[in-house]
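All chains should be built: construct the whole structure from the sequences, respecting the hints.
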Amino acid sequence: MASQGLNYDGCNFFRQRLVLSTLSGKRVKITNIRSKDDNPGLRDFEASFIRLLDKVTNGTRIEINQTGTVLFYQPGLLIGGEVEHDCNTQRSVGFYLEALLMLAPFMKMPLKAVLRGVTNDPTDPSVDQLKYSAVPLMRKFGIDGLELKIVKRGMAPGGGGEVLFTCPVRKTLVSVNLTDPGKIKRIRGIAYSVRVSPQMANRLVDSARGILNKFIPDIYIYTDHMKGDKSGKSPGFGLTLVAETLNGTFLSAEQVSTPQGQGEPVLPEDMGRNCAKHLLEEIYRGGSIDSANQSLALLYMTLRQQDVCKALLGPLSPYTIEMLRHLRDFFQMVFKMEPQKPSDDERKGGDKVMMTCVGAGFTNISKSLK
Amino acid sequence: PDKEENKSNALSKMEDDESAEFCSESEGALRWKEGLQQKASEAFLRQQRSTPNLRKLVYGTVAEDDSDGEDGEELGGLFRVSRPEKGKKHRADGMDCSRFDPDGAHDWELEEMFDSIRDCFVTGKWEDDQ
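From first to last, the protein sequence lines stand for chains A and B.
At position 236 of the first sequence (counting the first as 1) the number is 236 in my numbering, and the numbers step up by one without a gap.
At position 96 of the second sequence (counting the first as 1) the number is 1096 in my numbering, and the numbers step up by one without a gap.
Derived by calculation from the structure, the hints in this document are not laboratory data.
Don't take every hint at face value.
Stated by the list, open to error - Below, computed lysine-lysine pairings styled on BS3-like, alpha-carbon distance capped at 30 Å:
| # | chain 1 | residue 1 | chain 2 | residue 2 |
| --- | --- | --- | --- | --- |
| 1 | A | LYS171 | A | LYS230 |
| 2 | A | LYS108 | A | LYS29 |
| 3 | A | LYS149 | A | LYS108 |
| 4 | A | LYS112 | A | LYS55 |
| 5 | A | LYS171 | A | LYS341 |
| 6 | A | LYS310 | B | LYS1033 |
| 7 | B | LYS1125 | A | LYS341 |
| 8 | B | LYS1125 | A | LYS185 |
| 9 | B | LYS1056 | A | LYS336 |
| 10 | A | LYS108 | A | LYS152 |
| 11 | A | LYS29 | B | LYS1039 |
| 12 | A | LYS140 | B | LYS1039 |
In this text the structure is predicted, and so the values were computed from the model without any measurement.
Now the structure itself:
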């Protein structure tokens, strides 16, 4: 393993740093974690995330100082296998799952993870959104046989949800060029409600359809009302929408009700309309990858054989920009970025950017040969 | 090498003669050829100005100002007021979240906005080759 380590300041982009460290084998030291805060050091959800990483790896060395403001992380080998984890409810399962999606194909054994906690909250991408947008994207990179299933739904703040995630291992990722997103052929979605009237989901569907029907007739939004022990500990509802193109690009948007006892309650009608508008904004941004999965796609592009790979993206999100910087730090990967302005007579949304890179020649050394 | 130089000189001379001849023959018709290099560099610079330099934005070094009042806030020459700083530190300890919410710059109540994405759908206009 590479001997050099990297140093960072502050707790932002915590997951990116630890995930890239694990994949590249480079040690990382994060200092000044909330050092000026009234409540300094790592939070519970970050500690929970570290424990999850510890579960899927073997030989990882983690040192945290007494106040929790300094973290030293020396990655071990990605083992995978069957993992169960109670995710801290300060953040939703999406927070943990996003990192797991990045690591899962490069394990020694296929990963079968059971994650418990909050499945949907307004802060992080929900499990539904990842299921509808990240999973099809991973399939494009040759990772078939993925499963992401919501066994129990748990809304913030109580949680009580359960998610099953299985992912096969790959030695290398296949070559893809995501240059042409294609035209949107249909819109799908899921409106869910737990511990509230099932009518909420129908109201969400009606209001969202009201806006989206102006563009395309093929819209189907499933309603999902989980009951009994599958409904978690807190009430709530939400909507995830996804636009699917002819070339298999999935652009997603979502809205989740504010957690019980936090902030103003929202009407399902307003939320449905807002979610539809978010989806339109996502379509306006466009590209072959939606804004929630830009980092995942760029990471996969980096971890490929040494050939050219291209992807058309919409505007880069701040999180993605930081990912690009981290990819340079950990893998010496510098992307070529060409802005593409749409011509005047085209009505295809805003400016795009073509990302090009030559893969780092990464192979999954942990995968056992058969 | 001398021989080659002579040869190339002769060649360039020949070209010069030829081009001079050519120019005199069709005066004005080949004006566009003049200062091609300069024109190209101008066009390049124009493009550079109009498109935001993404490479610089992403990989460029960010000027960090460390002068956000660390010193000069001492109490009695012994204690230092420690408060979470707004700028740089705030970002370093920001929330680790991948969400990229719309900034509200586009009003999706307006018909013009709807028109701006019409062709993203199969119901919109198709290119000739499809």
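Can you name, in rising order, the numbers of the hints this structure does not satisfy? 1, 5, 6, 11, 12
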